[in-house]
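Sequence lines, in order, name chains Y and X.
Numbering (the numbering used here) for the first sequence: 1 to 194.
Numbering (the numbering used here) for the second sequence: 1001 to 1070.
Check the hints yourself; a few may be wrong.
[Claimed, not checked] Here are some chain Y residues pointing at chain X (derived, C-beta under 7 Å):
hint, residue
1, Leu64
2, Ala77
3, His80
4, Val185
[To be verified] So, partial list: chain Y residues that the calculated Cβ filter (under 7 Å) puts toward chain X:
hint, residue
5, Phe73
6, Gly76
7, Asp181
[Stated by the list, open to error] Counterexamples of contact, computed for chain X against chain Y with all Cβ distances above 10 Å:
hint, residue
8, Lys1029
9, Trp1032
10, Lys1033
Think of the hints as simulated: they come from the structure by calculation, not from any bench.
Ideal Cβ positions, reconstructed from N, Cα and C, are used throughout, including at glycine.
Residues per chain, in single letters:
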Amino acid sequence: MAVASVAHQPDQLYVETRELRIQGFLLFMVSDLVLFSSFIFAYLYLRNSGQGWPAGGPKLDIALAALNSIVLFGSGATMHFALENWKHGNFSKFANWIVMTIILGAGFLSGQVMEYIHIGARWSDGIFGASFYTLTGMHGLHVFAGIIYLTVLLLQALQGKYTFTKYTGLTLGTLYWHFVDVIWVVLFSIFYLL
Amino acid sequence: MEANIALVERTLAVFFGVVVFVVAAIALKNDWKSEGIENQVFKLMLGLLALGAVLGILAAFGVLIGKGVA
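Please model the entire structure based on the sequences and the hints provided.
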């Protein structure tokens, strides 16, 4: 009986700390949300402060932005599939979906670079340029970090760091990627739809 | 030429936007009864993902277009 109890200790520790780790990660996401929110509200305040916004400013390409947004939202769906396949013990499908997520994330960044090239504005061109590059650049940095994060998770999964019953790291990675998607829903709306 | 590229981009955005919306909606339906703090966040984010797909589709159709957008 005592041996069985000792043998199950790591599992109990995992169960007990899992919720705490997820809560800690959610707190990190909330702090990141506060960072984005402060920049978003600064942008909205400046935009509505009666400067004739954005008269004479650059014209953003809505077709490219819409496609690029769908690419990023699609990566959220593929990441969801990756985690679901892991939960169901299907490693090969998990690997395929997470690779697809990484490719779509890289595709989004490429689209963002194309947008930067064709926008015809610079950071120093005014409030719009500063706001646009700061917010989309900060988001792009998060996507880039997410690509590295997912790559590390895939490598760790390949090395057997996660099992089909212990995969908190993969859950956190999926949460992070969804967070990056959701932030883009807001940025896409305020820059392209308002 | 640029108009053709834009048309292709809009068409792809609408097609894949519908796919993403359907996938997010089905995933949300399947996860609806799941419990645990992370699943509550997943549900919220899947809902917002579906909303984002709808916004992308509307933008591609030209229904929603902001002031500084071509």
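Hints and how they fare:
The restraint placing leucine 64 of chain Y at the interface with chain X holds, with a minimum CB-CB distance near 6 Å, inside the 7 Å limit. A hinted interface residue such as alanine 77 of chain Y counts as satisfied when its beta carbon comes closer than 7 Å to some beta carbon of chain X; here the least separation is about 4 Å, so the hint holds. With a cut of 7 Å, the hint placing histidine 80 of chain Y at the interface with chain X holds, because the nearest CB-to-CB distance is about 5 Å. Hint status for valine 185 of chain Y: holds, given a least beta-carbon distance of 4 Å to chain X, under 7 Å.
About 5 Å separates the beta-carbon of phenylalanine 73 of chain Y from the nearest beta-carbon of chain X, less than 7 Å, and the hint is met. Annotation: interface hint on glycine 76 of chain Y holds; nearest CB of chain X at approximately 5 Å, less than 7 Å. Annotation: interface hint on aspartate 181 of chain Y holds; nearest CB of chain X at approximately 6 Å, less than 7 Å. Every beta carbon of chain Y lies more than 10 Å from that of lysine 1029 of chain X, the smallest distance being close to 13 Å; the non-interface claim holds.
The beta carbon of tryptophan 1032 of chain X is kept farther than 10 Å from every beta carbon of chain Y, the shortest such distance being approximately 14 Å. The claim that lysine 1033 of chain X is not at the interface with chain Y holds, since no C-beta of that chain comes within 10 Å of its own (minimum 15 Å).
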